[in-house]
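A.B. asks: If you want the building blocks of each chain, they are given just below.
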Amino acid sequence: MAQLTESVKPADARGRTAPPRTARRRKVRAGGAGKQHNGGPIAYAFLILAALVSLFPLYWTVVAASHTDTDIVTPPTPLLPGSHLIDNLKIVWDQVDMTKALVNSTIVAGTVAISTVLFATLAGFAFAKLEFRGRNALLTIVVATMTVPPQLTVIPLYQIITDAGWVGHLQSVILPSLVAAFGVFFMRQFLSEALPIELVEAARVDGAHSLRIIWHVVFPIARPAMAVLGMLVFVQSWNDFFWPFIALSQQNPTVQVALAGVGSGNHQIDHAVVVCAALVATLPLLLVFAVLGKQIVSGITAGAVKS
Amino acid sequence: MATSAPPAGWRSRLYRLDTKASPYAYIAPFFLVFAAFGLFPLIYTGWLSLHHVELGQSGSGTWVGFDNYTSLWDNQFFWKALRNTFTLGVISTVPQLLMALGLAHLLNYKLRARGFFRVAVLAPYATSIAAAALVFVQLFNPDYGMINQFLGHVGVHDIRWDSSKWPAQIAISAIVTWRWTGYNALIYLAAMQAVPADLYEAAALDGASRWRQFLSVTIPSIRPTIFFTIIVSTIGATQLFGEPLIYGGGVGPTGGTDHQYQTLSLYMYDKGWQVGQLGQASAVAWVMLLILLLIGAAQLLVMRANRRKLGG
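Line order of the protein sequences matches chains X and C.
Under UniProt numbering, the residue at position 12 of the first sequence is numbered 12, and the numbers go up by one with no gaps.
Under UniProt numbering, the residue at position 170 of the second sequence is numbered 170, and the numbers go up by one with no gaps.
Looking at chain C on its own, in the form it has when it is part of the complex (with noise of 0.2 angstroms):
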């Protein structure tokens, strides 16, 4: 092996074959895998939503065109499904990422016990969506909960957090903000630490303040950052599924009894395996998919437009 003369002939054009190829055989399973249960189901998808196909029955079912489509827009449940998912995306994303940033520049400071600060705020994380929404409805409960408890020693009383559309979206993303905020938080900590200290040092000969320094300097200097959380934050908003079914407990997934917290995700599963119409449920995983492209458009063109403005 030591004297291993470069052989001519078929040696040479295996070693040269094996160079070509393994990349991509490398990289074949996900492809593969995404293939297989990505690309193939979310197209297949597409085609359902354009036949009447029921739970249980295998291949496309009869031809419909865009009736689905059509019996979507004339429903009411439909519609505030889109209301509430809109509603509910923002209070659960908005106030989430500005906690997190200010929750990141604490962090950032140097302190005792940090590691402990970390990773008590990243805890939830470990908890799951059921898990953490069996938890809050306890303590949201009208009437024996913690939190009414609280709020009546401070003259506030009776939030019904269950039955009124408001208080029940608050409490929804409630879960949703205690659950991802140190996440998040972790991560633009992880982004801030990588800005240079001359920066600072810079700014601080200009005399701007510390609040002026974090919103001149951290800031812009994390941009790719935020954009990157606003884009996950916001793809997951549009799926809530889990914490409004426990929230609803018993009542399954109408997203309470006047549909005040039904989300796009729970009408989808509402319409294929409670209705079982596998059909119409594909129309309204293809307006998901619609409003997903809307958002990410509509982000790419504020990323663009920001990036001229500040000439980067």
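Chain X extracted, bound-state conformation (with noise of 0.2 angstroms):
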């Protein structure tokens, strides 16, 4: 065990340095980016354009959700936040279980993110290091998988779960999102950059069997990778509307199954209380945002560039 990671350590230092794909593409970036142009007046003008449509909704949400319903629906429309968040928050959840809705988008999205990034970490590891027979073959079929959208499966399912009894239970969406392709392509494209194969080899002259491999090289090296990973698929499951809407039921809701709820249902609709609920489901994600936001960019752009 101390023999492994001993072994490892120099093998990493070289590792990382020594390939010399990587350290072309690093110089050639760092090249672009030292010829960047500064933005004039104009490119910062479209930039806070942008950035005001970005934000403005979300900042108007604020302000909606803390007035009146009449104050909402007579012209001009309040651009400055009221004083009635409290009561308005008070008739959500009289409206709905917002706590529950809450603690079970958190269940759903906690679950799937932490099985995702573990199989897809198992997955992309052994489609960016490991050789196997039909490998380039099933990564294309990975790759494939992405593009068959629910509408295609929603209604096989359905009548699964309701076999199953499960409709209106949180195992009906959970299940069917454990693992998906994105992340399995993710974590490929980062290993194969970022884990020296050497590493690899080394532990199993050390006689590493391959799920210590998997514990003592694969996972400390793809741990940031990991993070952003957690995170993106935390926000896209949080964010999932389609199945659940199908799945669940306003007695047992995600936090999005919830909000169809608020937004259609046979009460009288008070629009401030509308909009005060879609407060309520998305302040965890922009606090996640605002802590975060950085590291999601990086993420996001990091997957993006395909070799």
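All the given hints hold, so there is nothing to weed out.
With a Cα cut of at most 30 angstroms, we get these calculated DSS-like pairs of lysine-lysine:
| hint | chain 1 | residue 1 | chain 2 | residue 2 |
| --- | --- | --- | --- | --- |
| 1 | X | Lys90 | X | Lys100 |
| 2 | X | Lys129 | X | Lys294 |
| 3 | C | Lys80 | C | Lys165 |
| 4 | C | Lys110 | X | Lys294 |
| 5 | X | Lys129 | C | Lys20 |
No lab work stands behind these hints: they were computed from the structure.
Please read these numbers as outputs of a predicted model, since none were measured by experiment.
Put the two chains together into one complex, using the hints given.
C.D. replies: Below is the structure:
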């Protein structure tokens, strides 16, 4: 065990700087950045406009959530926050069980994120670094599965969960999402660059079996990408709508399903309350974004560059 | 352990088995999940589309051949949904990707507060379809919404964002565009930053303006990424569901009182879970599959032609 980590370390140091391909790419990228032009006033004007358009609806969500229905439906529309946020929150919680919805969404998105990261790292490692028959064909299949829309699978899935008695239960939305092709591809891209093959071979020479290699070599190196993937999957799963809307009910909803109920319920619609519910549903993710925005940005851009 | 000489026999056999089998073990979870919740339902949907199956019924019901398809062919709302899916798809992806390109170009300048701009344009991505749609419904409300108030100041009055077909479709595509433009811009930005600087230097030596450089260096260099985003956005656009559903409020899955923004996805849900005809809904699903395959083939052809033209 001690011997394993010891023999791994020098290879790690060597491996990270040695491969000429990475080094060249890094140089090119650095050169590219050095040649960037400064943004002129027009560039700033457009960027500020883009930022405003992106952020204004979010800001106005806070504004509308803190006013009364009458304020919103009588022009001019309020542009500054009001004083009815607490009242609206109370009504939201009266109309739907938001606590349950938030807990459910956390359970679903958390489980899906953890299992996707785990399985995607295993598969991504296999596709990036291991030799096996049919590797390229299987990888092509993985990528191709990304194009299958959920609409093509929900009808039999609904029959299955009906037979199993899972309609309205969380496992019906968790199980189909346990691992997604996007995650496999993401981890494969990361590991083919970040994990030197010498490291795997060194561990193998030391007699480590493959689960040990996963635990002591792959996971430590993949950790940053696993964190980013976990966040991306969590966001996606938290916001997922189509299948949860079909499989779950208002008695045991995720946040998104609850929102759809608030927006189209039989009760007289109070627009401020509806927007307030949207705020409650969005706030957890916006907080994550405020704290980890930069990491998420770098994660999206890292996964995007394809070899 | 330090002196472990390579033992012969079972140990090396075990070792070989480990290296041979472990890759398959690692990819197995993905393929098991896909087989159970992707491939099987995909094919079984096709089988169901040839049957009369009702909601709540398990198994495949009674065989009806291609009846579900012919009844779609004769249904005006199916054709409407097909047209709406197409028009909504175009107006929610084409402007979006063009704006994302421009935005990425701007974000690629050396900027103060670059981190802020990047996070700001990505913020809508953190908003869910449901939340965004609920807020946009308010902004686009024809009677008291902020958009019509603003348009009133510049002399455009009373656009019916709810009942008129094109305004409603534009409003829905605004939700899609708002949520995804920043995300795609960041993907383009990453690709742009990987373009080698000497290409720009050579172009500048040839006297190419910055706009010219953008057209003849940046765009061709990030072509694979552009194709990638086109494919992903097209797939996304053919399955629009939550935005038009929630935009319609209490109307439900009809996509407006006159089906003016009912997409195929909504139509499928309507057939399956409102009318309760899972067989017909399955037929709609397979029509969507057919459309996706056609679009995919067309994109592949364009990509091939494009590559040949540029000789790369």
